[in-house]
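There are 2 protein chains.
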Amino acid sequence: MGLYPKIVEALIAKLRKLPGVGPRSAERIVNFLLAQPENEVITLAENIKAVKHQVRLCQRCFNLTEETLCSICQDNNRKNLLCVVEQVKDLVVLEKAGFPGVYHVLGGSLSPLEQVGPEEIRVAPLVERLKQEKFEEVIIATNPTQEGENTAAYLSRILKTMGIKHSRIACGLPVGGEIEYADIQTLKKSLEGRKTL
Amino acid sequence: MGLYPKIVEALIAKLRKLPGVGPRSAERIVNFLLAQPENEVITLAENIKAVKHQVRLCQRCFNLTEETLCSICQDNNRKNLLCVVEQVKDLVVLEKAGFPGVYHVLGGSLSPLEQVGPEEIRVAPLVERLKQEKFEEVIIATNPTQEGENTAAYLSRILKTMGIKHSRIACGLPVGGEIEYADIQTLKKSLEGRKTL
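In order, the protein sequence lines correspond to chains B and G.
Heads up, the first sequence is in numbering that gives the first Met the number 0, so the first residue is 0 and it goes up one at a time.
Heads up, the second sequence is in numbering that gives the first Met the number 0, so the first residue is 0 and it goes up one at a time.
Read the hints as simulated data drawn from the structure, not as lab findings.
Here the structure is a predicted model, which is why all the values come from computation and not from measurement.
There may be inaccurate statements among the hints.
As the list makes no split between identical chains, a pair holds if one copy fits it or if it spans any two.
The list that follows gives simulated cross-link-like pairs (lysine to aspartate or glutamate, EDC-like), each with its CA atoms no further than 20 Å apart [what the hints assert, rightly or not]:
# : residue 1 : residue 2
1 : 5         : 65
2 : 130       : 94
3 : 16        : 74
4 : 5         : 39
5 : 5         : 45
6 : 95        : 8
7 : 13        : 177
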């Protein structure tokens, strides 16, 4: 609309692209920032840049980290279980539910409609890792959505060929839902009730 | 919780302080930023800083501007009407409703409970301005809340003493609501139906 100074309009436009931020909240955020002490705002901006510069993916499991390996991969007290998830946010909520093993973050799920095949997600690094590390069991914790189920089935075929014991988390999760939004108790049930494929 | 790298947790904590951003959306925003191309994120951070550095208040009306006077105060085609509002966001929505005059942004409303008196909002600069500029009419467009009504009554007493014709926007607005959330038609009605105090 051009009712704010040009640079303010530019920031509003950028903020609107953030998930969960509509035009109204973008305006509110800018007004909030303008009312904040300068050093607070500078710190926020620097923090955004620092996250982008300093945060990388764990070389082993593709979790977020500031080092070569993430804190979970560096932890020697983890059980010898591997949990395969779509996204880091899924790993975070499984951690909250107390999963005792380690993870592999695929970075997505198979979706032929959106041209996401096994090459687009981290299937090859998973297979490579499974050739080197031995796990008691691999738990496939992709979302119980169409794409997540397809991905689980695809991984199951590979794991069967490799002779690796594996399971799928139980559907205590609402079908069609996403792990990110599950409550901790449902997730715990879902982990306990997993069945070998 | 410490489940993300420290710097990510720090950014999530900062984002949660923004209006309308809960813990879940803060997480989503960070994950979104991590997935964005680096230059996009740097631009966002720089834009935040630039807004804070370059945007100031109009010397005449206290609207946001990158110059000495805002674009509205620089516009010679404005009618000789002065609209007094609490916040810049109120000015923005009145502009969208097509108000043809100019503005004065108080920067708040009187609130004895929160120790906001006339000294804390821009009453003195308004009085000073009214001594120098002559307006056909001053329209008091503070929110129809307790504080906004008190502020309107306070300003009305001053304007009466100064012999200046003034009015209050009509309550087409829902009582207890805020101008920021009004729809344009209601606001137009509210401007048309204003009554001289």
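Results for each hint:
1. Only between protomers do residue 5 and residue 65 lie at most 20 Å apart by alpha-carbon distance; the minimum there is 8 Å, versus 36 Å within a single protomer.
2. Proximity of residue 130 to residue 94 under the C-alpha cut-off of 20 Å is found in neither arrangement, the shortest distances being 25 Å within a copy and 65 Å between copies.
3. Taking the shortest alpha-carbon separations for residue 16 and residue 74, neither the intra-copy value of 37 Å nor the inter-copy value of 32 Å comes in at or below 20 Å.
4. With identical chains, the CA atoms of residue 5 and residue 39 are at most 20 Å apart between copies only, with a shortest distance of 18 Å across copies and 23 Å within one.
5. In this assembly of identical chains, residue 5 and residue 45 lie within 20 Å of each other by CA distance solely across copies; the values are 15 Å between and 22 Å within a copy.
6. Taking the shortest Cα distances, residue 95 and residue 8 sit within 20 Å of each other only across copies (15 Å), while inside one copy they are farther apart (39 Å).
7. Taking the closest pair of Cα atoms, residue 13 and residue 177 never come within 20 Å of each other, the shortest separation being 27 Å inside a single copy and 26 Å across copies.
Hints 2, 3, 7 from the earlier list are contradicted by this structure; the remaining hints agree with it.
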